[in-house]
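Based on the hints, put chain B in the right spot on chain A.
Number of protein chains: 2
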Amino acid sequence: MSDYIAKQIQLTSRPAGMPSQENFSCVEVELEPPAAGQALVKNLYMSVDPYMRGRMREDGVYAQSYGLNSALWGGAVGEVIESNAEGLEAGDIVLNGAAWQDKFVADASTLDKLEPFDRDQLSLYIGTLGMPGLTAYVGLFKYGEPKEGETVFVSAASGAVGANVCQIAKLKGCRVIGSVGNDAKAQWLLGECGVDAVINYKTCGNLTDALAAAAPDGIDVYFENVGGDHLQAALAVMNPFGRIAACGMIASYNNSKPAPGPNNLMLIVGKKVRINGFIVSDHGDMREQFLVDMIGWIKEGKVKSRETVLDGLDNSVEAFLNLFSGKNFGKMVVKI
Amino acid sequence: MSDYIAKQIQLTSRPAGMPSQENFSCVEVELEPPAAGQALVKNLYMSVDPYMRGRMREDGVYAQSYGLNSALWGGAVGEVIESNAEGLEAGDIVLNGAAWQDKFVADASTLDKLEPFDRDQLSLYIGTLGMPGLTAYVGLFKYGEPKEGETVFVSAASGAVGANVCQIAKLKGCRVIGSVGNDAKAQWLLGECGVDAVINYKTCGNLTDALAAAAPDGIDVYFENVGGDHLQAALAVMNPFGRIAACGMIASYNNSKPAPGPNNLMLIVGKKVRINGFIVSDHGDMREQFLVDMIGWIKEGKVKSRETVLDGLDNSVEAFLNLFSGKNFGKMVVKI
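For the record, the sequence lines run as chains A and B.
Heads up: take any position in the first sequence, counting from 1, add 247, and you land on the working numbering.
Heads up: take any position in the second sequence, counting from 1, add 247, and you land on the working numbering.
Isolated chain A (complex conformation):
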């Protein structure tokens, strides 16, 4: 197979509710050899993330919409195969925005050359050391502002973002409560990550009651990944001057029509709550310190990463779809 024949996943129709394989196709394209300043990259690992669902809508409020019948994109780690650019050579490992493609040609300026701290853990650069990890770090520290001894509630707590939030909140001396959708995830958070209490939202009955029981002193910070009932429970159990870092609301991503919000929003006033929506791409200024801190914590064994790895670009759509049924355990990665 020529080095210049690449496969890419394209969106062929916009999903109305939950996406399915029918919305995507795998297309073979022939690349041009890299022009001056460009490189040919073979992707090794690509990320699938819940936010990508937003890009599949025509009116991309969250982020720029994906076009139909052209390559999707997202975070990936690849290896340079052929370079026509200064400062890049074959074998270099590059973080790039060209997920959903096994190979691609791009300007060197769009490739972030990594000095990996461990060549055997490259996928961390799209997980704990990548966008999801930085999201956890920015959301918790900049917007959650947890103080030692406070209680932090994290939804989707074993996910790519949530698991990092839980662990770095513990490092700050907080009591941490997570919510997850199955007991294996709960056990991992309790046993491996030092989380203090975990709620299985599918089996706990009334979520507000379960959270109140798990947080007898209330919660001070809520890291919002889910929305809906989770937000309602968090507001109900929140202490005065609580902070909500609003990272995402996955419960609503596949709604074909909008669902109403929590019925207790007035508590925002009464409890003097602060909510900050944020998107990690606005916070590149925190990345350098984040990498120093996070690599340190990983090396010391203080932050653990769990990944679900599917093999092959052909499985990337399945990997993406699995995010919405909770089949991923930790960071969902596609090995290409």
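If you're looking for bench data, these hints aren't it; they were derived computationally from the structure.
Hints are supplied without guarantee of correctness; some may be wrong.
Same chains, same names: a pair is fine if it fits in one copy or spans any two.
[Stated by the list, open to error] Okay, derived cross-link-like pairs now, BS3-like style, lysine-lysine, Cα gap no bigger than 25 Å in a straight line:
#1 K289 with K582
#2 K504 with K519
#3 K549 with K504
#4 K254 with K417
For chain B alone, kept in the frame of chain A given last:
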């Protein structure tokens, strides 16, 4: 009538939905003469405010609950009739927390002696120069953080708080859009207060469409007094990095069961919105500067106050009830 016979309004039962006269009674009590450090005060003006509805619930999340069959309380301006306290003498004007009573005896420490800038405008101290004015000032400047040229949307815009928000936002060089429930209020805001556009939410049809039309460049700050559809419209039309100062949500205060929230809360994330709930009593540190600024603006004619005055303590319940049907125009005051 003895100076020591006082009338007070008591809550006799907790309203389930919209309160009515039946939930209240007017009771005559005999006061003790002021002990050392106390004064006897005759109230001149008392405030009725939407937040008082929250105090009528048994579980006062917003603020301490009113007890049954004892005097209600709230902001009032009175005159000292008899003093047994150093630093206070008959004729002094005092801001106090003993509304809903025509006379009362209290410790001098609970009385805030005023040096009124105009003896003929004492009621301003429970309006534009009092809690509602400070609420506007804190919410807009500390939490809304409007920049010159930005667009500010204010709900309940002709009310005691909203009318001040509108006018001080104009003083900061903002474009201001208000929403009100009748055309007379709209005309006053447009004609007297310099507001740029006003929406009558009862007649405008779809509120989001009306707001989008009034704010072709989007809104940057939303001063939230209403909740429900207003919050949904504000989120829909908000610009990235918009700020919401959440002062109250009057649309929900009389719900006998909780109503669902807006169906577009995910926009908080996508638009990177910041929401701050706040209660003015946490911000006494801003009062001194507020009074300097606001008295200056009033004297210069830059901030106008409109009041609806009902006469007599016997009409205080009606004054309060009128807040929820929008019968007040500007600040609702009871002259005692």
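Inset, instruction - Using 25 Å as the alpha carbon limit, work out where K289 and K582 are close: within a copy, between copies, both or neither. - result: Classified as within: same-chain Cα gap 11 Å, cross-chain 79 Å, threshold 25 Å.
Inset, instruction - Can you give me the call for K549 and K504, within, between, both or neither, at a CA distance of at most 25 Å? - result: Neither: 42 Å inside a copy, 46 Å across copies.
Inset, instruction - State whether the alpha carbon distance between K504 and K519 is at most 25 Å within one copy, between copies, both, or neither. - result: Between copies only: 22 Å across chains, 31 Å inside a chain, cut-off 25 Å.
Legend entry - Same-copy or cross-copy closeness of K254 to K417 [CA-CA at most 25 Å]: neither (42 Å within a copy, 57 Å between copies)
Hint violations for this structure: numbers 3, 4, all remaining hints satisfied.
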